[in-house]
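With the hints as your guide, set chain B onto chain H.
What follows is each chain in one-letter form.
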Amino acid sequence: MDFPENLPSPDIGRLEQIVSHFFPKALHIVLDSRIPSLQSRGRTRDRSSGGLNVKKSDKWFNLIMGDRPAALDKLHSWHRNILDSMIIDIILIHPTDDDDDHGNVRSAETVIERWVVQYENPLIMSPQTSDPSTRYQKVYKKAIILLRSLYAQTRLLPAYRVSRQLSSSLASSRYEMVYKVSSFSDVFSPPVTETMKEFRFSPVEVPPGRLCASVTYRSDLSDFNLGAHITLPPRIITDYVGSPATDPMRFFPSPGQSFEATSFHFQGRAGRPPLTTSSASERPHSWTSGFHRPPTPNQSFSPDFHWSRTDGGDSHHQLSPPFSPSGSPSTPRGSYSPRINVRPGTAPVTIPSSATFNRYVSSNFSEPSRNPLPPFSPKSTRRSPSSQDSLPGIALYKSSRSGESPSGLINHYPGHKLTKDSKYDSGRFSGLLSSSGSPRFGFSRSPSRLSSDLEDPDCSCPFDFDDVDESVLQYRLKCQSLDRRKTSSSISQSLPIGRKSQDAAVGVLVQMLKTAPPLRQDSSTYMASSMSGVQREGSSVSGAESEFSMARSTSDALEELRNYKQLKDLLLSKSKSVGGATRVH
Amino acid sequence: MNCQVCQLKELEVESFEIREVLRCILHTIVFHRALGLIRPKDIDLELFDITYVQCGEIEVEKKIDDRIEHFISWIEKHPNKKKTQLCVSFYKAKSKQPWYASKTDHRSFWERWYINLNVDVVLHPTKSPVGNSKLVMDLGDASEARSCRRKQLEQSLQQVLFQIIKFVNDKKDHVPPPINDDREIYCPFEITITSASSDSTFGKDMWKRILLNSGHPSMIS
Numbered sequence: 001m002d003f004p005e006n007l008p009s010p011d012i013g014r015l016e017q018i019v020s021h022f023f024p025k026a027l028h029i030v031l032d033s034r035i036p037s038l039q040s041r042g043r044t045r046d047r048s049s050g051g052l053n054v055k056k057s058d059k060w061f062n063l064i065m066g067d068r069p070a071a072l073d074k075l076h077s078w079h080r081n082i083l084d085s086m087i088i089d090i091i092l093i094h095p096t097d098d099d100d101d102h103g104n105v106r107s108a109e110t111v112i113e114r115w116v117v118q119y120e121n122p123l124i125m126s127p128q129t130s131d132p133s134t135r136y137q138k139v140y141k142k143a144i145i146l147l148r149s150l151y152a153q154t155r156l157l158p159a160y161r162v163s164r165q166l167s168s169s170l171a172s173s174r175y176e177m178v179y180k181v182s183s184f185s186d187v188f189s190p191p192v193t194e195t196m197k198e199f200r201f202s203p204v205e206v207p208p209g210r211l212c213a214s215v216t217y218r219s220d221l222s223d224f225n226l227g228a229h230i231t232l233p234p235r236i237i238t239d240y241v242g243s244p245a246t247d248p249m250r251f252f253p254s255p256g257q258s259f260e261a262t263s264f265h266f267q268g269r270a271g272r273p274p275l276t277t278s279s280a281s282e283r284p285h286s287w288t289s290g291f292h293r294p295p296t297p298n299q300s301f302s303p304d305f306h307w308s309r310t311d312g313g314d315s316h317h318q319l320s321p322p323f324s325p326s327g328s329p330s331t332p333r334g335s336y337s338p339r340i341n342v343r344p345g346t347a348p349v350t351i352p353s354s355a356t357f358n359r360y361v362s363s364n365f366s367e368p369s370r371n372p373l374p375p376f377s378p379k380s381t382r383r384s385p386s387s388q389d390s391l392p393g394i395a396l397y398k399s400s401r402s403g404e405s406p407s408g409l410i411n412h413y414p415g416h417k418l419t420k421d422s423k424y425d426s427g428r429f430s431g432l433l434s435s436s437g438s439p440r441f442g443f444s445r446s447p448s449r450l451s452s453d454l455e456d457p458d459c460s461c462p463f464d465f466d467d468v469d470e471s472v473l474q475y476r477l478k479c480q481s482l483d484r485r486k487t488s489s490s491i492s493q494s495l496p497i498g499r500k501s502q503d504a505a506v507g508v509l510v511q512m513l514k515t516a517p518p519l520r521q522d523s524s525t526y527m528a529s530s531m532s533g534v535q536r537e538g539s540s541v542s543g544a545e546s547e548f549s550m551a552r553s554t555s556d557a558l559e560e561l562r563n564y565k566q567l568k569d570l571l572l573s574k575s576k577s578v579g580g581a582t583r584v585h
Numbered sequence: 001m002n003c004q005v006c007q008l009k010e011l012e013v014e015s016f017e018i019r020e021v022l023r024c025i026l027h028t029i030v031f032h033r034a035l036g037l038i039r040p041k042d043i044d045l046e047l048f049d050i051t052y053v054q055c056g057e058i059e060v061e062k063k064i065d066d067r068i069e070h071f072i073s074w075i076e077k078h079p080n081k082k083k084t085q086l087c088v089s090f091y092k093a094k095s096k097q098p099w100y101a102s103k104t105d106h107r108s109f110w111e112r113w114y115i116n117l118n119v120d121v122v123l124h125p126t127k128s129p130v131g132n133s134k135l136v137m138d139l140g141d142a143s144e145a146r147s148c149r150r151k152q153l154e155q156s157l158q159q160v161l162f163q164i165i166k167f168v169n170d171k172k173d174h175v176p177p178p179i180n181d182d183r184e185i186y187c188p189f190e191i192t193i194t195s196a197s198s199d200s201t202f203g204k205d206m207w208k209r210i211l212l213n214s215g216h217p218s219m220i221s
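One line per chain: the protein sequences are H and B, in this order. To convert, note that position 219 of the first sequence is 219 in my numbering; the numbers rise steadily by one, no gaps. To convert, note that position 144 of the second sequence is 144 in my numbering; the numbers rise steadily by one, no gaps.
Same shape as in the complex, but just chain H (with noise of 0.2 Å):
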C-alpha cells in the first residue's frame, strides 16, 4: 500500500499495523463465533495469569481471542495487500424439498451472513493536522471499540443462535455451517436483498483512508426450519410419565429410598414430592436410576426428573442444551454434579412381577401397543472439527460439520467405551459401558434405527441417561440365554430388540404358565403334563406321583377288566362250540 510520503516513517508504519492487524482480528471473531471447529482454544477466564501467557499478537487491540486456529493464519496469508476487501461469507447448508432422481434430499446453500473489511484509500488525501504521536493513539482507540462493537454484534446477530444450535446437537443434521473467505463476491440479488438487513460499523480514520466494516445478515431464519430437523440435546420432559395431577389413580410411591450406586441427583425447578420406597413391584425406567441393577425387595422407584440449568463450576459459561454433565466419576453413592433430586410419581405403570422370576417382566410387554417404555433416545454425536487445510487462494471454502462421524456410533463425551455389540445394542441403554462406571449422557444406536426417529420429528427425548451396573450386565446375559432357548420367535420379532431380555422373561414365564398342571385334573391331558411338570418341579414329585400311580392302576384296571371280558367271551364261546361237539359223539 501507498502511504503518503508527508507522514513520518514511525508513524507509516505504526498506522499500517493498525490496519494489517485489523484484518485477522476482525475474521477471528467473526469465525469464533460461527464455525466451532475454528473456535479458539486457552481462551480462560482465569484473570490471575493476566497477561503473561497471551501471546503478542493476540493482545492487538487489547482483546484477547486466544490461540488462532491454524486455518486462520492460513486463511489471512493469502490477504497480503491491505487494500483487498476481505469478505467473509457464512453460508448455510440447508435440505430443500425437492428431491432427486435416486429420491435422495437435495441440500441447497444460502449466504446468511456477509462480512467486509476493507481499507478504503482515497485517492485524494486531505492534509493532516493533528499532532502524529496523538494520532496514533486516537486512532488504536477507535480501532479497540470498532473491534468491541464487532465482538457484540457477532453474538446477536441471528447467526449465533443457529451456529451455537449446531454445534450443540446430537444428531448429524442435514444442516451445516460453512464460511467462505475471499476478496470479491457476488452481488445479492433483489429477492435476496429485500431478506437481508445491513449494519454498517463508523468507519475508523486511518490516514491517509479509514476502516470500514459492515455485515449484511438475514434477520429472519425461521423460513429453514431449523427447530424441526435438528435433535437439539435431550430434554427431560417432566410430565411426559404422568403425574398425580394427571392421573390421580395411579399409585404413587412416597419419598424415602436414598438411590444407591448408579443414582443420580438433579435439582429441580418445580417442587414435587421426594421419592419413596414401595412394597408393590414398579417397573424401572431407563431414567432411573438403578434401571439395571439386580432388583431388590420393596425397593422400587418411579422418580420424575426436572432440569436445571446448572453452572458446573463456571457461571460464566452457560452452554445451550440446557444442561452439561461435569463428567465427575460417580461415587458408590451415585451423587455426583450435575445434581438432580429424583422425584417420584411419575411411574408410567405399575406391573405386577413374578417374584419367583424378576422385577423386569412385565405382562405389559404381551401386548406391545401398550409399552409404555419411552421412545429410544437420539445418538449422541462428537463435534468432530475439521482439519481440512484448504490452500490459500482468493476464495477459500471452510467447513465444519457439526457432531458428525463416519461410524455415525459416537459418544459426546471423552472416556466411554463404545461398543458396537448387538447385545447391549438397545438403543437407550447402549454405550454405556465404562469402566470408570460414571454416569453417562449419551446415547448410540445404529444408523438404521436413528435414520426412523430423525423422520419423527416429534420424537421427544425425555430420557438423558442410563447406567449399567456390572451385575445388571450378568443379569441381562442370562435373560438373554434363556431368551434365546425359550421364547419363540413370533414375541422377538414383534417388539423391538431392546426389550429382548424383558420378553425373554416373559416367553420363560408363559412357558412354565402353559406347562404347570392345571388346576383341574384331566386324565387325558394330565399324565403328559404332569410327567413334564414333575421332572421340573422337584418340591411337587412325591405328590405327582401318587396321583400318577392312582391313575395307572384305574386305567390299567379298567383294561385289564376289559381284557378279562374279551377273554370271558372266547371262553364262553369256545367252550360252547366244543360242547356242541361232544354232544354230537
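It should be emphasised that the hints constitute simulated quantities derived from the structure, not laboratory data. Glycine included, every Cβ here is placed at the ideal spot set by N, Cα and C. Accuracy of the hints is not assured; some may be wrong.
Here are some, though not all, of the chain H residues that point toward chain B, as calculated from beta-carbon distances under 7 Å [unchecked claim]:
#1 N62
#2 I64
#3 T96
#4 K141
#5 R148
#6 S149
#7 A152
#8 L156
#9 Y564
Relative to chain H, chain B alone:
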C-alpha cells in the same frame, strides 16, 4: 470535555426480570468502555434468547451486581414508582478541586447512559366466582399474555443492545484513550438511580453542579 448522553429505549419489565435485563445492558455498556487488555466472556441470558458480552473483570462484575441489588431494593421500597431510570456515568478524575468539593466534583463526566425501565406489577389471575373452568381460562390467558409480553421484551432488549452498539460506534472522539496499564482496564464509572419523579439525592447533586458551574466567586477554585 463534552459529555455525551445516550437515552436508551424504555423497557417494560417485571420485577423478577430486572436483574437479567440490567446485567445485560450494564455489562454491554461497560464492555465497550473497557479498553484495556481483556478476555471477553459470553453470557447467555436465562430468561431471554440473548447472549451478551462481559469484559471479564471481576471488579466490574461485582460492582454491577451490587448496584443492581441496590436498585432492586430501592424498587421494593418505592413500589409506587413505576418509571425508573438508572444512569451509568463514565468520568475522569479532576486534578484540582476546592476543599469543599464533594467526591463527585473530583470527577469529570464525559459520558452518561440513561437506562429507562417501566417496572410492571406482577399480573395476578382474575378470581372468578363462576367456577374452576373460568379460572383455568383466565390463567391460560394470563400465561399467554405473559409469554407474548416476554417476547416483546426480548425484542426490545435486543433493540437496546443494537442502540448501544450504534451509539458506541457513532461517537468515539470523546472517549479518553486507553492507558497501557493493567491497573486501569476499564474506564471508571458510577451507577446511580435517577427516577422520573424528584429525588432528594438527585436534586442536591444538581444544585451543587449549578453552583460550581455558575462561576460564583466563592466557589471558584
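Hint-by-hint comparison with the structure:
1. N62: holds, 5 Å
2. I64: holds, 4 Å
3. T96: violated, 27 Å
4. K141: Given a least distance of 5 Å, the restraint on K141(H) holds.
5. R148: R148(H) check passes; min Cβ-Cβ to chain B is 5 Å, inside 7 Å.
6. S149: At about 5 Å, which falls below the 7 Å cut-off, the nearest Cβ of chain B leaves the hint on S149(H) intact, so it holds.
7. A152: holds, 5 Å
8. L156: At 6 Å from the nearest chain B Cβ, L156(H) passes the 7 Å test, so the hint holds.
9. Y564: violated, 85 Å
In summary, the numbered hints that this structure violates are 3 and 9.
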